[in-house]
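Visitor: Protein chains in written order, with our numbering: chain C, 1 to 370; chain Y, 1 to 515.
Just so you know, these hints were derived from the structure itself, not from any lab.
Nothing here was measured: the structure is a model prediction, and the numbers come from that model.
No residue lacks a Cβ here, since even glycine has one placed at the ideal position from N, Cα and C.
Check the hints yourself; a few may be wrong.
Claimed, not checked - Across the chosen pairs, the derived CB separations fall in these ranges:
(1) Y:Lys351 to C:Ile350: 35 to 43 Å
(2) C:Arg176 to Y:Asn267: 53 to 61 Å
(3) C:Val15 to Y:Arg391: 24 to 32 Å
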Amino acid sequence: MKSFFRTHATLTALVVLTAALSFLSEAFFTPRNLSNITLQVTIIGIIAVGMTLVILLGGIDLSVGSIVGLASIVVTLFMQSGWNVWLAILATILTVGVGIGVWNGVWIAHYRIPAFIITLGMMTIARGAALVLSDGSSIPVTDPVFPLLGGEYIAPASSAVILGLALALFLFATLRTASRQRSCGVSVGARDIALRASFGVAILALAAYVFIGYRGIPYPVAFLIALILAGAFMLSNTRLGRRIYATGGNREAARLSGINVFRVELTVYVIVTTLAAVSGILLTSRLNGANPNLGNMFELDAIASVIIGGTSPMGGVGTIGGTVVGSVLIGVMNNGMSLLGVSSFYQLIIKGFIIIVAVWFDVMNKRRKA
Amino acid sequence: MGDVVLRMEHITRDFPGVRALDDVTLEARAGEVLILAGENGAGKSTLMKVLSGVWPASSFSGRILIRGEERRFASTHDAEAAGVAIIHQELNLIQDMSVGENIFLDRYFMRSFGIIDWDRVHMEAAKILERLRIGGIGTRDLVRTLSVGKQQMVEIAKALSLSASILVLDEPTSALTDREADDLFRILRALREQGVCMIYISHKLDEFERIGDRVQVLRDGKAVGDAEALSSVSLDRIIARMVNRDIREKYPKEPFAPGEVTLEVRNFEVDHPLLRNVKKVSGVSFDARKGEILGIAGLMGAGRTELVTGLFGGLPGAARGDVRIDGKPVAIRSPEDAIAAGMALVTEDRKLLGLILDFSIRTNITLSSLKAVSNALGVIDPMKDRGMAERFVTELGVRTPSVEAAANSLSGGNQQKVVIAKWLATESKILILDEPTRGVDVGAKVEIYRLMNDLVRRGVTVIMISSELPEIMGMSDRILVMCEGRLVAELKTAGATKEDVMDYATGNRTQEGFR
Chain C
1 MKSFFRTHAT LTALVVLTAA LSFLSEAFFT PRNLSNITLQ VTIIGIIAVG MTLVILLGGI
61 DLSVGSIVGL ASIVVTLFMQ SGWNVWLAIL ATILTVGVGI GVWNGVWIAH YRIPAFIITL
121 GMMTIARGAA LVLSDGSSIP VTDPVFPLLG GEYIAPASSA VILGLALALF LFATLRTASR
181 QRSCGVSVGA RDIALRASFG VAILALAAYV FIGYRGIPYP VAFLIALILA GAFMLSNTRL
241 GRRIYATGGN REAARLSGIN VFRVELTVYV IVTTLAAVSG ILLTSRLNGA NPNLGNMFEL
301 DAIASVIIGG TSPMGGVGTI GGTVVGSVLI GVMNNGMSLL GVSSFYQLII KGFIIIVAVW
361 FDVMNKRRKA
Chain Y
1 MGDVVLRMEH ITRDFPGVRA LDDVTLEARA GEVLILAGEN GAGKSTLMKV LSGVWPASSF
61 SGRILIRGEE RRFASTHDAE AAGVAIIHQE LNLIQDMSVG ENIFLDRYFM RSFGIIDWDR
121 VHMEAAKILE RLRIGGIGTR DLVRTLSVGK QQMVEIAKAL SLSASILVLD EPTSALTDRE
181 ADDLFRILRA LREQGVCMIY ISHKLDEFER IGDRVQVLRD GKAVGDAEAL SSVSLDRIIA
241 RMVNRDIREK YPKEPFAPGE VTLEVRNFEV DHPLLRNVKK VSGVSFDARK GEILGIAGLM
301 GAGRTELVTG LFGGLPGAAR GDVRIDGKPV AIRSPEDAIA AGMALVTEDR KLLGLILDFS
361 IRTNITLSSL KAVSNALGVI DPMKDRGMAE RFVTELGVRT PSVEAAANSL SGGNQQKVVI
421 AKWLATESKI LILDEPTRGV DVGAKVEIYR LMNDLVRRGV TVIMISSELP EIMGMSDRIL
481 VMCEGRLVAE LKTAGATKED VMDYATGNRT QEGFR
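All chains should be built: construct the whole structure from the sequences, respecting the hints.
Guide: Shown next, in the form of structure tokens:
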């Protein structure tokens with residue numbers, strides 16, 4: 001309930017900000033602009049989903065930004081050497097994503113070296129490797145299929161069908177959960193169900209306005225939405241999710257409860273680097289070229305999204321839903337400030353203050369509880 | 001023996017729900033070693049925390065007089081200024097600083113412009129070490145490189161650098177070898193000659209006569225009689241005073257016929273977490289049977305928690321020995337293995353090791369049984385999850401409005417029930433409970449005892465560690481006694497007395513066939 005309230009507070013901030021920007025700038029609340037925001041949010045958002053898991057464990061991963069750059073170079077080099085697009089992508093995910101994740105995870109989970117140190121080291125190593133492999137310069141992509149991954153849209157008509165199906169599925173699931181809960185004696189108010197349903201309808205209506213009104217759902221955004229749903233389901237409905245929360249909440253107690261904390265931590269560190277590699281591949285595709293400096297400082301935006309989204313930096317408490325709100329808030333803020341002509345220098349300062357306030361909020365909440 | 005330098009009068013200290021000290025009066029003199037004796041939880045450490053300012057003067061009632069003058073300490077700093085120094089069981093030295101730096105920590109000799117006069121610091125430190133006749137320690141040695149015994153001497157030197165005239169030592173020999181203890185005693189005797197008043201907390205009866213002048217016994221927060229000279233009182237009499245005779249709590253023990261052996265442990269040992277070549281547990285062998293409650297008695301630090309945590313796979317790499325369950329050898333390398341082998345461990349510290357405090361009651365209870373409430377893909381069935389939690393909440397009578405309530409919103413007794421529920425949910429055949437009723441109110445205690453009876457009736461092997469003698473005597477069928485990492489006795493509860501258990505636990509006696 002507490003974490004729901006925190007998500008709520010950030011959500012309120014997001015709604016207020018959106019309303020204010022719509023009022024201040026005519027260009028803001030248009031399908032075209034909002035669709036662009038979703039695209040901008042996506043690259044960091046994919047990493048932030050993984051970062052949520054890491055921070056839930058009480059850890060951190062500073063290497064994700066450099067992994068974006070390395071994945072960008074590696075996937076392009078694989079394609080240049082004549083590999084099939086899909087093979088190149090798979091090989092990049094396995095080497096750059098899973099490989100580095102295992103390396104980080106073993107140091108952190110087995111040797112118990114602070115995650116901050118290990119991933120700080122990897123941040124430098126991966127960036128260095130990207131520069132070495134590319135000789136420090138950009139590499140163009142020549143494959144005709146590859147740019148579609150990050151740049152194409154699901155046609156508006158198909159998008160409409162998808163959104164319609166999602167609406168039906170969502171309403172069905174809401175009602176089914178409510179009736180199942182009721183059948184085993186949990187009282188669920190009609191008002192609660194109505195609230196949940198109208199929230200879902202509002203989100204989908206907004207999505208319809210944005211995506212059908214412009215060019216459809218961008219591929220990367222579709223991927224991110226699927227990822228968010230899978231991640232949220234994993235955290236709340238699977239053994240792995242329960243184990244992540246338990247390990248982050250109290251590692252010793254989790255271990256003595258029979259949880260293999262090593263396996264849990266390793267899995268999470270592999271997930272985050274793998275998602276960073278995917279993010280790097282999508283970004284390269286969208287830009288239609290690789291650059292060794294891609295993803296610089298992305299780790300900070302990802303961490304900021306997670307923290308602003310209400311996940312406790314101490315671990316154990318937080319949700320992916322919160323992180324989504326956090327990344328969208330950052331995205332809307334960046335976009336809005338640019339539209340209003342605020343210099344990007346000031347944007348940095350404002351973002352920093354927001355992170356501090358969000359953590360202060362979290363700490364105050366904890367203290368009140370204690 | 002000199003004048004009375006310390007007088008504590010009518011000290012009473014309450015904690016929520018417990019009176020830790022009840023009208024304790026105590027006198028100590030210059031140039032003596034006053035032994036403070038008593039069972040675990042008798043109030044010895046609390047009394048010394050009162051004396052040394054850990055608990056400020058506003059937190060207790062009664063007076064502290066030093067050389068006839070009433071003193072009210074707001075902090076340990078005040079107490080130090082008045083010449084009271086305490087050496088805790090856990091040493092408080094900074095490992096990566098030198099001996100001299102530690103002795104004068106934050107009280108360095110200064111030159112002008114705020115520059116530390118290191119030569120003087122080391123010279124003065126050397127003088128103190130010399131006064132204590134401590135050899136073999138250089139003031140520029142890093143503390144980390146010294147043995148525990150030497151480190152303790154540095155602590156004493158530090159206390160003396162504060163010109164302490166009252167020195168409290170809390171179980172100083174618990175981590176020392178015999179030779180190091182001899183050295184320590186030599187130093188304490190030298191200090192006695194110099195007129196320092198020492199209060200020495202110890203569990204080890206053999207030390208009483210070696211170092212003590214007088215002994216004061218505490219029991220249940222009360223002083224038992226006045227301090228007596230050790231030359232005129234027998235050890236038996238001291239033990240009789242330490243042990244509580246009246247059982248005020250009810251132990252609903254039901255007798256059962258012990259069945260077959262379920263757990264066999266042979267030559268189990270556990271390494272010390274920090275010191276090489278030192279064992280926390282060594283050469284422990286025992287059997288536990290179906291249908292019995294096996295009690296493990298001993299003083300704090302006797303190695304009981306290490307023994308059961310090691311058996312449960314909680315100390316990977318540090319514990320070894322032959323373990324058989326139902327006659328089959330098992331290799332338990334992690335708690336996961338232990339659970340698979342049918343073992344459960346209710347840990348001693350439920351907040352740090354037993355519960356995920358941010359979790360709900362439901363998620364805490366099903367944490368060790370997630371496989372039972374999820375499908376092959378790892379997806380948890382919310383109905384099974386909730387159903388399991390609700391079943392145990394009802395069965396154990398956890399007082400809560402809902403299984404969704406957070407674990408940290410519960411009282412100590414109900415939290416303990418949640419931890420026990422987590423382990424009952426695993427349907428283990430062997431349930432180990434480490435201090436199951438510590439910090440639990442009397443009503444919940446009896447409920448936990450009843451539950452233990454139920455489990456034994458259902459054929460579970462119950463092993464209970466307890467530092468409360470009445471509980472051990474009241475609930476177990478057999479009692480294992482541990483002292484300094486070894487098993488020193490195995491007693492049938494019927495026919496054994498509390499004095500017997502205390503005698504073995506303090507190392508005063510060892511049963512034939514052990515050690």
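Visitor: Hint by hint, note whether the structure agrees.
Guide: Consistency of the hints with the structure:
Distance hint for Lys351 of chain Y and Ile350 of chain C: a CB-CB separation of about 40 Å, consistent with the stated range 35 to 43 Å. For Arg176 of chain C and Asn267 of chain Y, the hinted distance range of 53 to 61 Å is satisfied, since their beta carbons lie about 58 Å from each other. The supplied range of 24 to 32 Å is broken by Val15 of chain C and Arg391 of chain Y, whose beta-carbon atoms lie about 42 Å from each other.
Hint compliance for this structure: hint 3 alone is broken.
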